[in-house]
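Please construct the entire structure, taking both the sequences and the accompanying hints into account.
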Amino acid sequence: MVIITDTLVAIGLATISLGTIQEANGVQERTFWLRNDGTEAVALVQGYTSCGCTTIQFTKDEPVAVGDSTCVVLRFNPQGKGGEFEETGTIVYGPNRKRINLSMVGTCITSEETLMKQFPIRISDNIRLSANRFDLGIMHVGESKERGVVILHCDEGNRQERIPVTFTVDTNTTKGLQHISYPIKTIVQGKEQTLTITLDVLIK
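Under the working numbering, the first residue of the sequence shown is numbered 1, with each subsequent residue one higher.
Hint data in this document are derived by calculation from the structure and do not stem from the laboratory. The model shown is predicted, which means the values in this text are computed figures rather than measured ones. Do not rely on the hints blindly, as some may be mistaken.
Unchecked claim - Within a straight-line C-alpha distance of at most 27 Å, the following computed DSS-like cross-link-like pairs (lysine-lysine) qualify:
#: 1; residue 1: Lys-117; residue 2: Lys-185
#: 2; residue 1: Lys-81; residue 2: Lys-117
#: 3; residue 1: Lys-145; residue 2: Lys-185
#: 4; residue 1: Lys-145; residue 2: Lys-175
#: 5; residue 1: Lys-117; residue 2: Lys-145
So, in structure tokens, the structure goes:
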């Protein structure tokens with residue numbers, strides 16, 4: 001497949017699927033080739049990426065003759081990543097600063113070490129939390145704030161479940177610094193289970 005972008009074309013795929021990768025396997029690197037199908041030489045003048053986890057390498061400001069090709073290398077570091085990803089590198093070329101996008105897509109399986117950092121609160125062998133305490137700061141009567149706690153279900157392939165946490169100050173709420181127990185519900189091995197987190201709030 002050839003992707004046409006005025007003068008430069010990507011030979012092969014402009015988007016490469018990495019499939020399912022493991023975070024523990026480290027940096028993923030792929031090479032893309034661009035061919036000059038125009039009528040005069042053209043140079044690559046700039047390159048940038050969609051995320052700091054991805055770098056782009058190419059030969060800058062060196063003219064690519066008509067019919068010749070040049071390579072662009074994308075490197076994706078999956079450290080701290082998890083789930084589906086699409087990382088894009090953009091090449092800017094020629095005096096009119098035209099652009100061509102090159103991408104790597106796939107799914108990253110998070111390492112055990114990263115999961116333990118992301119979900120430091122152990123409830124049981126099967127359940128971990130991203131946090132079990134939230135600081136809501138200063139609140140007044142009638143005010144609401146929302147936070148989110150993420151539950152890691154270790155026995156379900158490390159499935160992540162986000163539970164919204166909403167707290168509203170009403171006229172019956174005691175003023176001053178409060179440490180409020182807040183129940184959240186989830187399903188563990190087919191049974192409903194209630195977990196408790198703490199909301200720290202100063203009621204004015």
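Quick rundown of the hints versus the structure:
1. Lys-117 with Lys-185: holds (23 Å)
2. Lys-81 with Lys-117: holds (12 Å)
3. Lys-145 with Lys-185: Given pair Lys-145, Lys-185 holds - Cα atoms ~19 Å apart, limit 27 Å.
4. Lys-145 with Lys-175: With a Cα-Cα distance of about 16 Å, the restraint between Lys-145 and Lys-175 holds, given a limit of 27 Å.
5. Lys-117 with Lys-145: holds (26 Å)
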